[in-house]
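Peer 1: Listed below, chain by chain, are the residues.
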Amino acid sequence: SQTIHQWPATLVQPVGSPLSLECTVEGTSNPNLYWYRQAAGRGLQLLFYSVGIGQISSEVPQNLSASRPQDRQFILSSKKLLLSDSGFYLCAWTLGSGRQAFFGQGTRLTVV
Amino acid sequence: SQQGEEDPQALSIQEGENATMNCSYKTSINNLQWYRQNSGRGLVHLILIRSNEREKHSGRLRVTLDTSKKSSSLLITASRAADTASYFCATDIIQGAQKLVFGQGTRLTINP
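Taken in order, these protein sequences are the chains called A and B. In my numbering, each residue carries its 1-based index in the first sequence increased by 51. In my numbering, each residue carries its 1-based index in the second sequence increased by 99.
Keep in mind that a hint or two might mislead.
Quick partial rundown of chain A residues pointing at chain B, CB under 8 angstroms, derived from the structure [said to hold, decoys possible]:
(1) VAL63
(2) GLY67
(3) GLY147
(4) ALA152
Honestly, the hints are just simulated from the structure, not real lab data. Beta carbons are placed, not taken as given, at the ideal position from N, Cα and C, and that holds for glycine.
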């Protein structure tokens, strides 16, 4: 069966430090992969999505970047975190248009 | 900007009552999905309705779609305390690659 792993569950990082969040999918091939950020009590903001290895689309200009080095691995990074990068980060995958999305359990990032 | 807008932002009802949440969107879509999120967790898919469908049922859930008004509604009948969660609509927009864009969500509280 398909599963999605996202870690860590919580992270506290100082301003100016780097960030690397990893998401991996098992049990499927060539998924579409997504990174979302959710502010407290708010909706999901689409940050990046990828339809294949090395193919990254960015939705909003920001302090973050994403990479897809392998088919089922999606990484969210930052060279220097800002306070405004705090939030709940969610990774998701689908098998394409018109298919449901499966979400990881999320990473709560607090930048201090 | 967000594609979907849910209303109300928050809804509080008594157990056993029906809960109705609405979603409006801006651009043409392939399909519309509804998701549920328990506090601090990932989202779970509830139901998908395609652009050529008008109504769909799944257990106690009923979803309608009006593409002429660019709106959808989610009805939960005979609500239970366990239905307390945030509910989001998501649209799979036609233009561009396979983005899945979420609204701001409705926070539903079922009072026992």
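Peer 1: Determine for every hint whether it applies to the structure shown.
Peer 2: Hints, verified against the model:
no. : hint   : in the structure
1   : VAL63  : violated (16 angstroms)
2   : GLY67  : violated (27 angstroms)
3   : GLY147 : holds (6 angstroms)
4   : ALA152 : holds (6 angstroms)
When each numbered hint is compared with the structure, violations occur for hints 1, 2.
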